[in-house]
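Student: As a plain string of letters, each chain reads:
Number of protein chains: 2
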Amino acid sequence: MREIIIATHNKGKVKEFKQLLSDLPITIYSLHDFPDIPEVEETGTTFHENAQLKAETIANKLGKPVMADDSGLVIQALDGAPGVYSARYAGEKADDQENIEKVLEQLAKAQNKERTAYFICVLALAIPNKETIFHEGKCYGEITEKPIGENGFGYDPIFVPNGYEHTFAEIDASIKNKLSHRYHALLAMRQYLLDQNL
Amino acid sequence: MREIIIATHNKGKVKEFKQLLSDLPITIYSLHDFPDIPEVEETGTTFHENAQLKAETIANKLGKPVMADDSGLVIQALDGAPGVYSARYAGEKADDQENIEKVLEQLAKAQNKERTAYFICVLALAIPNKETIFHEGKCYGEITEKPIGENGFGYDPIFVPNGYEHTFAEIDASIKNKLSHRYHALLAMRQYLLDQNL
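The listed protein sequences correspond, in order, to chains A and B.
Sequence positions in the first sequence follow numbering that gives the first Met the number 0 and run 0 to 197.
Sequence positions in the second sequence follow numbering that gives the first Met the number 0 and run 0 to 197.
The hints are simulated quantities; they were obtained by calculation from the structure and are not laboratory data.
Be aware that a few hints might be false.
According to the in silico footprint, chain B covers these stretches of chain A (three or more CB under 8 Å from chain B) [as the list claims (entries may be wrong)]:
1) 32-39
2) 129-137
3) 140-150
List time: in silico SDA-like cross-link candidates among lysine to any residue, alpha-carbon distance up to 20 Å [as the list claims (entries may be wrong)]:
4) B:14 - B:31
5) A:137 - A:45
6) A:60 - A:75
7) A:60 - A:31
8) A:137 - B:15
9) B:137 - A:141
10) A:112 - A:75
11) A:112 - A:144
12) A:17 - A:194
13) A:137 - B:14
14) B:137 - A:162
15) B:177 - A:176
16) B:12 - B:26
17) A:177 - B:173
18) B:137 - A:165
19) A:17 - B:173
20) B:177 - A:182
21) A:177 - B:31
22) A:63 - A:30
23) A:137 - B:164
Across the chosen pairs, the derived CB separations fall in these ranges [claimed, not checked]:
24) A:31 - B:103: 48 to 56 Å
25) B:36 - A:130: 54 to 62 Å
26) B:93 - A:150: 45 to 53 Å
27) A:31 - B:18: 45 to 53 Å
28) A:131 - B:61: 52 to 60 Å
29) B:113 - A:115: 31 to 39 Å
30) A:191 - B:11: 25 to 33 Å
31) B:75 - A:173: 20 to 28 Å
Ideal placement from N, C-alpha and C gives every residue a C-beta, glycine not left out.
One chain only, chain A, in its complex shape (with noise of 0.2 Å):
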């Protein structure tokens, strides 16, 4: 493999993925470089499902390797929602307060008194006429009963990673970074991706 396009414009993503497979001879491209590849709406029920659509519904169109990712806050004692549900929980337009608010609002009516969650991403690596590879990563933690920091974006100001007394959106980017769902599927991609290449 001497190429990957990232499915993502997101600027921060695509730096983060360049950055940690920099020293594979892969070259990274992202979306930005393909324009005219239009948004896969993200249909699926699990976070696999997102993940492999994008990325083969791309790779077919491209017929190149395609890296899509999937991620989602997952909460016991909510059954694992919000889920793939994650960033529309509280409707297709909510924005982050209002996501946090559900969740919040979600817990206090909860049975189970348990605030252990778990942030996943799943990456998906598709590669025309071979089977999809799967990595994933997760970061467990607890959510908090209100809203705490400034930091980050989602559900950062409600997540306290283990280990920790102060939530993701308290915690300096420099490590939220290195504990991060992503990142560590990332890492997992990366140790299949040099494995490849013995």
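Following the hints, complete the assembly by docking chain B onto the known chain A.
Tutor: Here is chain B on its own, set in the frame of chain A:
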């Protein structure tokens, strides 16, 4: 805090600590800079005790902040063994291979057939006339049936971290270092040091 002495003669460890704290306004020293300090015996029965003993003994001698670590492998089916005795599980002078053999023998005999385990690292930061600070990191995984791989040291050949299909002795060092219990303890300590400067 302007300086911290790392309670180790291990050059790899010193390098890892220096790198992860390089952008903080703290100068990192090691026991190489204080050749008159004798080795502290690890007589504790917990990781916290051993790390605390090393850090506080040397901090009291030098009158400066000292950071020490204690690490080990905890296997649930062996009631937490080899634990704090990880380095000398098969005897005071046992080498890695003998320790690994003893773990595999004990697991074969164990009632509980689960092979889940974690590496843990506890870091203690002793500051003269202050309460000692602790941070820990864990790496969860499973014990294999037999040793596989040539890299690393200690129990690496029989430990497969969660999300991987290879042992720590097979995984590329660039990846293993980012999954490790010590790396994660250090990230948590880094957050503590950042908070102190706020």
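Student: Determine for every hint whether it applies to the structure shown.
Tutor: Consistency of the hints with the structure:
no.: 1; hint: 32-39; result: violated (count 0)
no.: 2; hint: 129-137; result: holds (count 4)
no.: 3; hint: 140-150; result: violated (count 0)
no.: 4; hint: B:14 - B:31; result: holds (12 Å)
no.: 5; hint: A:137 - A:45; result: holds (15 Å)
no.: 6; hint: A:60 - A:75; result: violated (38 Å)
no.: 7; hint: A:60 - A:31; result: holds (15 Å)
no.: 8; hint: A:137 - B:15; result: violated (24 Å)
no.: 9; hint: B:137 - A:141; result: holds (16 Å)
no.: 10; hint: A:112 - A:75; result: holds (10 Å)
no.: 11; hint: A:112 - A:144; result: holds (11 Å)
no.: 12; hint: A:17 - A:194; result: holds (18 Å)
no.: 13; hint: A:137 - B:14; result: violated (28 Å)
no.: 14; hint: B:137 - A:162; result: holds (9 Å)
no.: 15; hint: B:177 - A:176; result: holds (11 Å)
no.: 16; hint: B:12 - B:26; result: holds (15 Å)
no.: 17; hint: A:177 - B:173; result: holds (13 Å)
no.: 18; hint: B:137 - A:165; result: holds (18 Å)
no.: 19; hint: A:17 - B:173; result: holds (15 Å)
no.: 20; hint: B:177 - A:182; result: holds (10 Å)
no.: 21; hint: A:177 - B:31; result: violated (29 Å)
no.: 22; hint: A:63 - A:30; result: holds (12 Å)
no.: 23; hint: A:137 - B:164; result: holds (16 Å)
no.: 24; hint: A:31 - B:103: 48 to 56 Å; result: holds (51 Å)
no.: 25; hint: B:36 - A:130: 54 to 62 Å; result: holds (57 Å)
no.: 26; hint: B:93 - A:150: 45 to 53 Å; result: holds (47 Å)
no.: 27; hint: A:31 - B:18: 45 to 53 Å; result: violated (32 Å)
no.: 28; hint: A:131 - B:61: 52 to 60 Å; result: holds (56 Å)
no.: 29; hint: B:113 - A:115: 31 to 39 Å; result: violated (20 Å)
no.: 30; hint: A:191 - B:11: 25 to 33 Å; result: holds (26 Å)
no.: 31; hint: B:75 - A:173: 20 to 28 Å; result: violated (33 Å)
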